[in-house]
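Colleague: Here's the letter readout for the chains.
2 protein chains.
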Amino acid sequence: MLYRISDENKYYSLYSCIREDILGGKLRGGQKLPSKRAMAADAGVSVITVQTAYEQLIAEGYIYSKERSGYYVADMASAADLPARACAPHSVGEPAGGSFAFDLVSGSPPAELFPFSVWSRLMRNVLSDEGEHLLERVPCRGDAALRGEIADCLYRMRGVSVDPARIVVGAGAEYLYGIIVRLLGRDKLYAVEDPGHLKIYSAYSQFGARCAFIPVGAAGADASAVERSGADVLHVSPSHQFPTGAVIPAAERLRMIRWARERGAYIVEDDYDSEFRLAGKPLQSMLGLCPDRVIYVNTFSKSLAPSMRMGYMVLPADLFQRFMQLFSHSANVVPLFEQKTLAAMIGGGYFERHIGRLKTYYRAVREEVLAALASLPFPVEVGDTGSGLHLTAKFASAPSDGYIKRVAAARGVNIRCLGDYLSSPRAVFSNTAVINYGGLKKGQAAQIAALFRR
Amino acid sequence: MLYRISDENKYYSLYSCIREDILGGKLRGGQKLPSKRAMAADAGVSVITVQTAYEQLIAEGYIYSKERSGYYVADMASAADLPARACAPHSVGEPAGGSFAFDLVSGSPPAELFPFSVWSRLMRNVLSDEGEHLLERVPCRGDAALRGEIADCLYRMRGVSVDPARIVVGAGAEYLYGIIVRLLGRDKLYAVEDPGHLKIYSAYSQFGARCAFIPVGAAGADASAVERSGADVLHVSPSHQFPTGAVIPAAERLRMIRWARERGAYIVEDDYDSEFRLAGKPLQSMLGLCPDRVIYVNTFSKSLAPSMRMGYMVLPADLFQRFMQLFSHSANVVPLFEQKTLAAMIGGGYFERHIGRLKTYYRAVREEVLAALASLPFPVEVGDTGSGLHLTAKFASAPSDGYIKRVAAARGVNIRCLGDYLSSPRAVFSNTAVINYGGLKKGQAAQIAALFRR
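Residue numbers (the numbering used here), protein chains in the order written: chain D, 1 to 454; chain S, 455 to 908.
Same shape as in the complex, but just chain D (with noise of 0.2 Å):
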């Protein structure tokens, strides 16, 4: 620790002093240095201080000694053009926020939702049972409970059977993609649904992959697009298609399986939000129908906090078996007591319930959005599948998506278009703003809708 006590600060000053002047060229290169005891007399320490300082110059390969002759400066040919001391770096500050009242693009759900207290009692839990264990290196795929208790959950919640071994539990979806890019590799060539989340495609793009990008219609991305791709590697969100909502049905989801299986490709079946399907029951998940051909991809951050970063993967065997040949030596990222603490809120059917009032919730704030889009004096054409947490309206009177998005602006309300997920304009996706509830509290929906009408 420099600076602290008083004594090293002595030696501090000297050193600094004479680091400054070899770096300023007060001292030249070869210059023989006082003795210590003539050092120390000069600058009033002890010798032993002196020799502290020295002793770190020399460490540092500022100055060098010879036996029985003394200490010389090191030959620093390169140091007269460097500033003496570097400049203070300029504060960057932080960045502002947004000001808008109302987020329809961002949403996460209510804090006051969470279980807290559930959450911190586990946490205390974990604690005081797993004790210094925690302290333990996580192996690659994440916790063994956590990943048995996502296996059990996956059973009960999408109705397929995965061996937890297969599990890998990461940071997020997006650190997961950069593992799939690194098990397919770079050279491969991914198709990502157009519109979709920009971040998939930027998170694929960042990590040096090509990308493809796949028309999503009525019944979400197109497979013959996905035929005539030339892809390797297909990313779809088959059960609630973000932004559309669109579903892609079954004959659909097998025509894109029959592709991967005769080209030798990989399916990453995106399940971010399938928890909430509010309007019937789960739909049945491409993982089921083809596990060595899917990648199954979902996380934590929708169904209990987005500061959870928490997300999972299930890999084919071929592609696990690579998986522990590249990564078997890397420790896994999530700290152990947030994985131990998620596993026992699933095995103990608290994630579950969770998520059963959360439907309930947004079951009650979807009609809310609903009744809000039916009572505003314009028509409105509403995209809703009863999934997930966003659905479209569109508003075929506005003159361009950029409008929509002023007006709202000038009411407060942040809101996104269709076309703002596309890579290029399409007209039968054209003033169609993308509503995501999943941020709204009870009440604001109807707030938002009366701006409006004013």
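The set of hints was computed from the structure by calculation and includes no laboratory data. You may find that some hints are simply not true.
Quick list of in silico lysine-lysine cross-link-like pairs, DSSO-like style, CA-CA up to 30 Å [what the hints assert, rightly or not]:
hint, chain 1, residue 1, chain 2, residue 2
1, D, 281, D, 359
2, D, 441, D, 199
3, D, 199, S, 642
4, S, 653, S, 859
5, S, 653, S, 642
6, D, 359, D, 442
7, D, 281, S, 520
8, D, 359, D, 405
9, S, 735, S, 653
10, D, 281, S, 464
11, S, 490, D, 199
12, S, 642, D, 359
13, D, 66, S, 735
14, S, 464, D, 10
15, D, 10, D, 32
16, D, 188, S, 653
17, D, 199, D, 66
18, S, 520, S, 464
19, D, 441, D, 394
20, D, 36, S, 735
21, D, 32, S, 735
22, D, 66, S, 848
23, S, 896, D, 10
24, S, 735, D, 26
25, D, 394, D, 405
26, D, 281, S, 642
27, D, 188, S, 486
28, S, 859, S, 813
29, S, 735, D, 394
30, S, 490, D, 359
31, D, 66, D, 26
32, D, 281, S, 813
33, D, 281, S, 480
34, D, 442, D, 199
35, D, 394, D, 442
36, S, 653, S, 486
37, D, 36, D, 26
38, D, 36, S, 653
Given chain D's structure and the hints, the job is docking chain S onto it.
Modeller: Okay, now just chain S, sitting in the frame of chain D:
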């Protein structure tokens, strides 16, 4: 939740039977299904159950309804060649761990030295104090309080002033290297130390960057090789190179900085175990010399626990701007809970006290290791710069690296040689064991030496 409630079971069995028949080809595309009433009578269930099953099949696209006509099987042309039910994935099991009595390769600090009672008390405090704030999304750079504490700590421990705004917290060093590649580009040439940590080379390579090797000598990475390398990024551990233990002298550091300035290159300063300079004071960081060209990276894996996947980097101003452009919409992957706890640990002085205790401990272990090496019945040349948690031991009389490792393994000692970290063999580094004593308990060094004296 499928399967749970008994009348959901009825609906689900019916739905499954129909689905299997469609997938198996018993029901053909265009075929009309019995009316709800007829199906109910046939299957011995209620009309509501049939309706629920039909709705699910419609939602998933297996069947469709024609108004005033009834329900029809969708066209599943491509289904015939799919197995009706996906085969159960075979269990791949959990991999077996190593079985050495002594580990001189990947040692992490003995768990009993970790101030677990302090850590768990701070966790409990954070849980009570922060409450539901812990559920908030963590900004891309990490928690501001933690970044502030890290900046203060860098000032106290490394003598450098950094703006906390330019600190980025991430899930361990390899995770941060991935961000560095995305900031600087995969098209750049990354120079890494040879011998060096294979993890560093593979992290850059896995993210798609090209790598060049810079030979490491007694004075660390060779600056003239850096100048000739054509590299755009230089990754070095100047204060204690792994595995050689070399320290880059000041003149060479300045030469590398001049190279970086002239070329517009960046230096990644990997300060992975700078806390553990056991003899003398900490060596000055390159960041302090040139904050505009140096990306400083450090983690808490060595100083706290390997399960603590938390590291940070300090970015130059230009890269910081680029980081915010690329990542300001991404959430930080380290849970806020861990970040707040670590901030409390540093802010309360516990972290530095812990480092102090670890240093005292490791000084004793290092003395034991040196004594143990001196007690061996064959010539040993020790390479030790008094820093970090490893040193090298050259056994000039050994016939090969393989011999050293086999003899050690036969005695239950896991050890690696410098050659294991080299891109190609170099005579100067032959027959040299790397002794990582980070995981040794007191007394173990003598026990190990005794095994070789028998």
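Colleague: The structure should be examined with respect to each hint, and the outcome stated for every one.
Modeller: How the hints compare with the structure:
no.: 1; hint: D:281 / D:359; result: holds, 12 Å
no.: 2; hint: D:441 / D:199; result: holds, 26 Å
no.: 3; hint: D:199 / S:642; result: holds, 24 Å
no.: 4; hint: S:653 / S:859; result: holds, 21 Å
no.: 5; hint: S:653 / S:642; result: holds, 19 Å
no.: 6; hint: D:359 / D:442; result: holds, 13 Å
no.: 7; hint: D:281 / S:520; result: holds, 22 Å
no.: 8; hint: D:359 / D:405; result: holds, 28 Å
no.: 9; hint: S:735 / S:653; result: holds, 28 Å
no.: 10; hint: D:281 / S:464; result: holds, 13 Å
no.: 11; hint: S:490 / D:199; result: violated, 44 Å
no.: 12; hint: S:642 / D:359; result: violated, 48 Å
no.: 13; hint: D:66 / S:735; result: holds, 21 Å
no.: 14; hint: S:464 / D:10; result: violated, 83 Å
no.: 15; hint: D:10 / D:32; result: holds, 22 Å
no.: 16; hint: D:188 / S:653; result: holds, 24 Å
no.: 17; hint: D:199 / D:66; result: violated, 60 Å
no.: 18; hint: S:520 / S:464; result: holds, 25 Å
no.: 19; hint: D:441 / D:394; result: holds, 23 Å
no.: 20; hint: D:36 / S:735; result: holds, 18 Å
no.: 21; hint: D:32 / S:735; result: holds, 23 Å
no.: 22; hint: D:66 / S:848; result: holds, 26 Å
no.: 23; hint: S:896 / D:10; result: violated, 35 Å
no.: 24; hint: S:735 / D:26; result: holds, 25 Å
no.: 25; hint: D:394 / D:405; result: holds, 13 Å
no.: 26; hint: D:281 / S:642; result: violated, 50 Å
no.: 27; hint: D:188 / S:486; result: violated, 43 Å
no.: 28; hint: S:859 / S:813; result: holds, 28 Å
no.: 29; hint: S:735 / D:394; result: violated, 67 Å
no.: 30; hint: S:490 / D:359; result: holds, 28 Å
no.: 31; hint: D:66 / D:26; result: holds, 21 Å
no.: 32; hint: D:281 / S:813; result: violated, 59 Å
no.: 33; hint: D:281 / S:480; result: holds, 25 Å
no.: 34; hint: D:442 / D:199; result: holds, 29 Å
no.: 35; hint: D:394 / D:442; result: holds, 23 Å
no.: 36; hint: S:653 / S:486; result: violated, 61 Å
no.: 37; hint: D:36 / D:26; result: holds, 19 Å
no.: 38; hint: D:36 / S:653; result: violated, 44 Å
The structure fails hints 11, 12, 14, 17, 23, 26, 27, 29, 32, 36, 38 (numbered hints given earlier, in ascending order).
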